[in-house]
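Here is how the chains run, residue by residue.
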Amino acid sequence: MVRITVLLLISLFIPAFSQPEILIKDPWVRAVPPTMNMTAGYMVIENKGDQDDYLIGIESDISKMADLHVTVEENNVVKMKHIKKLKIPARSKVELKPGGYHIMFMKLNKKLLPGKKARIILIFEKSGKKVVEAEVKMSN
Amino acid sequence: MKKLITLLSVLIFVTLSLSYQFYGLPYLQKIKDFTLTDHNGKKVKLSDFKDKIVLVFFGYTFCPDVCPATMLRIKETLDNLGDYKKYVKVLFISVDPERDTPEKLKEYVKFYDKDGTIIGLTGKPEEIKKVAKSFRAFYEKVPVKDNPDVEYLMDHTAFIYLLDNRGILKLIYTPRKDNPKRIAEDIIQMVKLLKMEK
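Protein chains in written order, with full-length UniProt numbering: chain W, 1 to 140; chain F, 1 to 198.
These are computed hints drawn from the structure, not numbers from a lab. Check each hint, because a few of them may be wrong.
[Claimed, not checked] Simulated restraints on C-beta separations: (1) F/Lys43 / W/Pro89: 28 to 38 Å; (2) F/Asp79 / W/His82: 31 to 41 Å; (3) F/Leu194 / W/Lys129: 51 to 61 Å; (4) F/Arg99 / W/Asn75: 20 to 30 Å; (5) F/Pro125 / W/Lys129: 38 to 48 Å; (6) F/Leu28 / W/Asn140: 26 to 36 Å; (7) W/Asn140 / F/Lys192: 22 to 32 Å; (8) W/Gly115 / F/Gln189: 50 to 60 Å.
[Said to hold, decoys possible] In silico lysine to any residue, SDA-like type, Cα no more than 20 Å apart, as pairs: (9) F/Lys106 / W/Met138; (10) W/Lys110 / F/Val150; (11) W/Lys110 / W/Glu135; (12) F/Lys75 / W/Lys110; (13) F/Lys141 / F/Phe62; (14) F/Lys86 / F/Val150.
None of these values were measured; they are calculated from a predicted model. For glycine and all other residues, C-beta sits at the position ideal for the given N, C-alpha and C.
This is chain W alone, in the form it adopts within the complex (with noise of 0.2 Å):
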């Protein structure tokens, strides 16, 4: 019966060690001119679990909507493409920045001018809802 007891409380826990675990490191949205009604956002999202999670909404308080974008180069022509799902796959990271994957605001209601600061929720499939405060700021 202990041994029961036992196994059944183990297997309860197996559940818990096999998540994916989430962190979002340096997040940081680029300051544009205040006629801007577009800009981007960037961060690292690491998974330190041991099992893949994937980004599949954004929301913000900087903006009406917000996409995953990445910026492609080719025959040197650089373009766009929407991405609806980004996986981070489990004990790795996957880095947003210039040039590459990054969130793009669209129909921003307030003017990002340096120093200010961004709401970010990013949504995961497996790991919900994380939120973080992201700088304004020139950068790249």
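Assemble chain F onto chain W, guided by the hints.
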């Protein structure tokens, strides 16, 4: 004696210019003079800047990732020039003239430059097309189907072109090779080579 000194200084100059390896990709092409509308609504010609080193970049203000990154690099290049900044003009040519009005361009360039070194240029679509062709720059409208607010984005080449004081395209910087410090060094070398200092 005087002749010898002159000869020596010329020799030193030639040796120096030969020893400097430009960071940008070398190119040699005369750019045909063109007229576009600047961010104050005034017509300007490329030949108006014939006493300057001219940096040219084709972009658009709705561009959220690549163009602001390049504009910031151009700003950092200018910041690295010190006293040599006065020998330079930057032309930001819009590939989206339908949305980029002079007013919009004015706000845009002002954000990266306060003293009028960067000039935003727009014009009729056919005028822009002609200018882009002489630089072999490419751009194309791409509709954004799932987002009516954005309507469209532009695919485009994102090089920085360096023209000398005679409108000759001399160097090209690609998005992967556009270190602001190195571009500034190229500009300073170019100013010295062309003996632009008075």
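Is 22 to 32 Å respected by the C-beta to C-beta distance linking W/Asn140 and F/Lys192? holds (28 Å)
Does the structure keep F/Lys86 and F/Val150 at a Cα separation of 20 Å or less? violated (38 Å)
For F/Pro125 and W/Lys129, compare the CB-CB distance with the range 38 to 48 Å and indicate the outcome. Hint holds: Cβ distance 44 Å, inside 38 to 48 Å.
Does W/Lys110 pair with W/Glu135 here, judged by a C-alpha cut-off of 20 Å? Holds: W/Lys110 and W/Glu135 sit about 14 Å apart, inside 20 Å.
Supplied distance hint 26 to 36 Å, evaluated on CB atoms of F/Leu28 and W/Asn140: holds (30 Å)
Quickly compare the C-alpha distance for F/Lys75 and W/Lys110 to 20 Å and report which way the hint goes. violated (24 Å)
Quick check: does the Cβ-Cβ distance between W/Gly115 and F/Gln189 fall within 50 to 60 Å? For F/Gln189 against W/Gly115, whose Cβ atoms are near 36 Å apart, the range 50 to 60 Å is violated.
Please check whether F/Asp79 and W/His82 have a Cβ separation lying inside 31 to 41 Å. holds (35 Å)
Going straight from one Cα to the other, do F/Lys106 and W/Met138 come out at no more than 20 Å? Holds, at about 18 Å.
Hint check for W/Asn75 and F/Arg99 - Cβ pair distance inside 20 to 30 Å: holds (25 Å)
Between F/Leu194 and W/Lys129, is the Cβ distance one that fits in 51 to 61 Å? Once the Cβ atoms are compared, 58 Å apart, the range 51 to 61 Å for W/Lys129 and F/Leu194 holds.
F/Lys141 paired with F/Phe62 [C-alpha distance capped at 20 Å]: holds (12 Å)
Consistency note: the structure conflicts with the earlier hints numbered 1, 8, 12 and 14.
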